[in-house]
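Visitor: The chain contents come next:
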Amino acid sequence: MGHLETVYDALTAAHGDEARWAFGTGFDDPLAGVDTALPAGADPADLGAYCLMLGDDALVLSQRLTGWITRAPELEEEVALANIALDLLGQARLLLSRAGSCGVLGRSRERAGATVPDEDALAYFRDADEFRCAGLVAAPDGDFGHTVVRLLVASTWRLALAARLRGSRDPVLAAVAAKAVPELTYHRDHAARWVLRLGDGTAESHRRAQAGADAVWPLTADLFTPTDVERRLAGERVGVDPTDLRDEVRGVLTQVLERATLAVPPWPGDVPPRGRVGAHGPELAVLLAGLQGLSRAHPGATW
Amino acid sequence: MVSGRTLRQPGRRGDVRVDPRPVAEAVVDPELPVLTLADLGVLRDVRTGDDGTVVVEITPTYSGCPAMGVMRADLLHALHDAGFEQVDVRTVLSPAWSTDWISAEGRRKLAEAGIAPPGAAPARTPGPVPLDLDLDRPRRTAACPLCGSPDTEEVSEFGATACTALRRCRQCQEPFEHVKEI
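For the protein sequence lines, the chains are A and B, in the order given. Just so we're aligned, residue 1 is where the first sequence starts under my numbering, counting upward by one. Just so we're aligned, residue 304 is where the second sequence starts under my numbering, counting upward by one.
Isolated chain A (complex conformation) (with noise of 0.2 Å):
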């Protein structure tokens, strides 16, 4: 075998693929050998942006959850946390991927360079103001209780869209779907199990869960109102109208509180879509900085 200069090259030399080995950096594209073909009639621009709105919800309630490991309040809820992090980290890699498939890319390739693959230059390489995730999701952490009824409130919106998206007549789209809609299921009835637990529990546990409802239920304001892309994909019979989804999302969400014994607070008038055009608050930016701190530092870094 002769000298061997570090241990890395020991390992790479034992095993005699050095992809074997990639954990660190070095992803493949997760649409490797995917058919990318566009559906006939579809914008690519806007199944593109339609992509980044879904991939970039996705992909920061990920890094929320993720912000959990090691101070939830046992050890299995970490791994819990963690595993749906993962599952939404998995969706967010697939979406981001068809946006750049899609060619929407915005800034991020310049910023990146040429040899960052599309999805890292989309998740690491774009501003604050140009994430198009919904305000629920951008939104900070509070306590436990805030952190699962926030997760049942973004997994049942993310689960009713999903289950009709699996019709979609983008091929890449549609199987997505289909992929999420087990884990989303998974995903939405912890969170569930949990709002009963807490707000069916001690006065403490119940009091944090109410007002964890109390503070999320106007960040679903603008979560049934389209955008422009939305309503054209919609009618493209490529996405999904969120107005559809009011009353399956409402009433999933009432049924989990009535039963958890927790009041329902008054849901928010609709309003026009904030997050989904670039609009977020300064905390988006705080956790964008946690996230994208060493790719900037150090653009197409491997480990």
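Keep in mind that the hints were calculated from the coordinates and are not lab data. Treat the hints with care, since some could be wrong.
Okay, the calculated beta carbon distance ranges per label pair [claimed, not checked]: (1) ARG440(B) <-> GLY201(A): 16 to 26 Å; (2) ASP354(B) <-> ALA37(A): 17 to 27 Å; (3) ASP439(B) <-> PRO268(A): 30 to 40 Å; (4) ASP354(B) <-> PRO44(A): 53 to 63 Å; (5) SER406(B) <-> GLY142(A): 22 to 32 Å; (6) ARG411(B) <-> ASP214(A): 50 to 60 Å.
Because the structure is a prediction, the values reported are computed rather than measured. Where is the CB? At the ideal position from N, CA and C, for every residue including glycine.
We have chain A; now place chain B onto it with these hints.
Guide: Using the frame of chain A, we list chain B on its own:
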């Protein structure tokens, strides 16, 4: 897109073309190494194109499965070692993987390794997904892979890999992993 790399070995052994399928089927899952990719049901197709390129199709178990890159590398490596020069490993997303695709042989190997195999996956239906709020009703059951007792309880729905839940046997008291139905 990962395309084949040219190695020195010939794609043929003498005049007899080696079948790439058994080579690909023997590659093991990086997270559950008692199973081959074929046992796990993630290996969807192995075929040889007109130009001699071996096309392998794999599908992720979960959207965030971090093992896909490793599977891809292991498949390339195994096929290159077996003399196939041009190998193209492709991802297929649809239809989505289900634990129902784990083979009978795979289930036997899991149980032998102390991991409870999955039961039947929940039916996939179009339309809204119903909510399950019954905290008292166990969502899934699994017999203890160590002593065989059906009297087991779930400790955590989420385990060390995306595919597994953690359970404990009330009879022999041993903890074990369960590949959860999806």
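Visitor: Now tell me if each hint is right for this structure.
Guide: Now the hints, each set against the structure:
1. ARG440(B) <-> GLY201(A): 16 to 26 Å: 19 Å, holds
2. ASP354(B) <-> ALA37(A): 17 to 27 Å: The hint (17 to 27 Å, Cβ to Cβ) holds, given that ASP354(B) and ALA37(A) are roughly 22 Å apart.
3. ASP439(B) <-> PRO268(A): 30 to 40 Å: 34 Å, holds
4. ASP354(B) <-> PRO44(A): 53 to 63 Å: 31 Å, violated
5. SER406(B) <-> GLY142(A): 22 to 32 Å: 46 Å, violated
6. ARG411(B) <-> ASP214(A): 50 to 60 Å: 52 Å, holds
Checked against the numbered hints given earlier, this structure breaks hints 4, 5; the rest are met.
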